[in-house]
Amino acid sequence: MNNLTITSPKTAMPTTAMSAAEQQAILSAAALPTIEQQSLSPQETYENRLQAALEHARRLTQMYGYQDVDVAVAWETVEELRTSRRARLLSSMPSCQTSFERYCLENPQAFECRSYDC
Numbered sequence: 163m164n165n166l167t168i169t170s171p172k173t174a175m176p177t178t179a180m181s182a183a184e185q186q187a188i189l190s191a192a193a194l195p196t197i198e199q200q201s202l203s204p205q206e207t208y209e210n211r212l213q214a215a216l217e218h219a220r221r222l223t224q225m226y227g228y229q230d231v232d233v234a235v236a237w238e239t240v241e242e243l244r245t246s247r248r249a250r251l252l253s254s255m256p257s258c259q260t261s262f263e264r265y266c267l268e269n270p271q272a273f274e275c276r277s278y279d280c
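Each residue of the sequence shown is one higher than the one before, starting from 163 at the first, in this note's numbering.
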C-alpha cells in the first residue's frame, strides 16, 4: 500500500488517514487565489494595445537606434494600430455621400438628385 502525502501550505498528512472529501477540502483551501479580469471596452483595449506598442517601439529605438529592422517593425505596428482605429471610426460615421444618396432615394425629383448622364 502506498502512503502518498498531499502537501499544502497548511498541512501535510498521509492520504490513508483522510477521506476523499477531506483531501478535496485541503486541495481547494490550498488553491492559489484567482485574479478576476475586468472586461475592458473595445476603446480601453485599443488604448492599452496602442500604449504598449508605443512603449515597445520607443524602448527598441533607445536600445538599437533608428536603423534597426526590429525598430522599423515596432513603429509599423504602432502605425497599423492607429490606421485601423481611424478606419473603424470613419466607417462607423455616416458619410456625406451616404446621406446624399439616401436623400436622393427619398426625393428623386429634387434638383440636386437629377442626373443627366449621356
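Since the hints were derived computationally from the structure, they do not count as laboratory data.
Glycine included, C-beta positions come from ideal geometry on N, C-alpha and C.
Any given hint could be a false lead.
[Said to hold, decoys possible] Pair ranges (Cβ atoms, derived):
#1 Ser261 with Gln229: 44 to 52 Å
#2 Glu241 with Leu202: 16 to 24 Å
#3 Arg276 with Arg248: 29 to 37 Å
#4 Arg221 with Glu184: 29 to 37 Å
#5 Gln205 with Asn269: 13 to 21 Å
#6 Arg221 with Asn269: 33 to 41 Å
#7 Leu251 with Ala182: 55 to 63 Å
#8 Arg220 with Arg250: 53 to 61 Å
#9 Arg220 with Ser246: 15 to 23 Å
#10 Ser253 with Asp230: 45 to 53 Å
#11 Arg211 with Glu268: 35 to 43 Å
#12 Met255 with Arg220: 28 to 36 Å
#13 Leu252 with Thr207: 15 to 23 Å
#14 Gln224 with Ala249: 25 to 33 Å
### Hint check, failures only
Of the numbered hints given earlier, those the structure breaks are 4, 5, 6, 8 and 10, listed in rising order.
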